[in-house]
Amino acid sequence: MLDSIYENFSDKGLKQALAVYGGLVISTVAIPIVILVVEYFLNDKISFNKIMIIFLVIFLWSLFNIDYLKKRLKTSEKSE
1 MLDSIYENFS DKGLKQALAV YGGLVISTVA IPIVILVVEY FLNDKISFNK IMIIFLVIFL
61 WSLFNIDYLK KRLKTSEKSE
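Residues 1 to 80 (UniProt numbering) make up the sequence shown, in order.
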């Protein structure tokens, strides 16, 4: 599935995509924490609402892409 997405990417493009997904992982961890802290201070409770599921899906998708891109970059470096 990911092969069809990244088949026309150069090594430089793969490294840039890896950096983007790394940033997404950091964002999908930091933003929900900020949301939960603000919600706690405003409402004195924490509730994991539906928006957290979106962050979880983006987090998992980013992890799968990071894993794939690291493997693909390793194999392209070994073949050179």
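No wet-lab data here; the hints were simulated from the structure. Treat the hints with care, since some could be wrong.
What the hints assert, rightly or not - Here are the computed lysine-lysine pairs in the DSBU-like style, where the Cα-Cα straight-line distance is at most 35 Å:
#, residue 1, residue 2
1, K15, K78
2, K15, K74
3, K78, K12
4, K15, K45
5, K70, K15
6, K71, K12
7, K70, K12
8, K74, K12
9, K71, K15
10, K70, K50
Claimed, not checked - Computed beta-carbon distance windows for the label pairs:
#, residue 1, residue 2, range
11, E77, I54, 46 to 54 Å
12, G22, I46, 26 to 34 Å
13, D44, S76, 51 to 59 Å
14, M1, I26, 23 to 31 Å
15, K12, V38, 20 to 28 Å
16, I31, N8, 43 to 51 Å
17, S10, I54, 25 to 33 Å
18, S47, S10, 43 to 51 Å
19, K12, N43, 41 to 49 Å
Just so it is clear, CB atoms sit at the ideal spot from N, CA and C, and this is done for glycine as well.
- prompt: Among the hints numbered above, which are violated by the structure, and what are their numbers in rising order?
  reply: 4, 11, 15, 16
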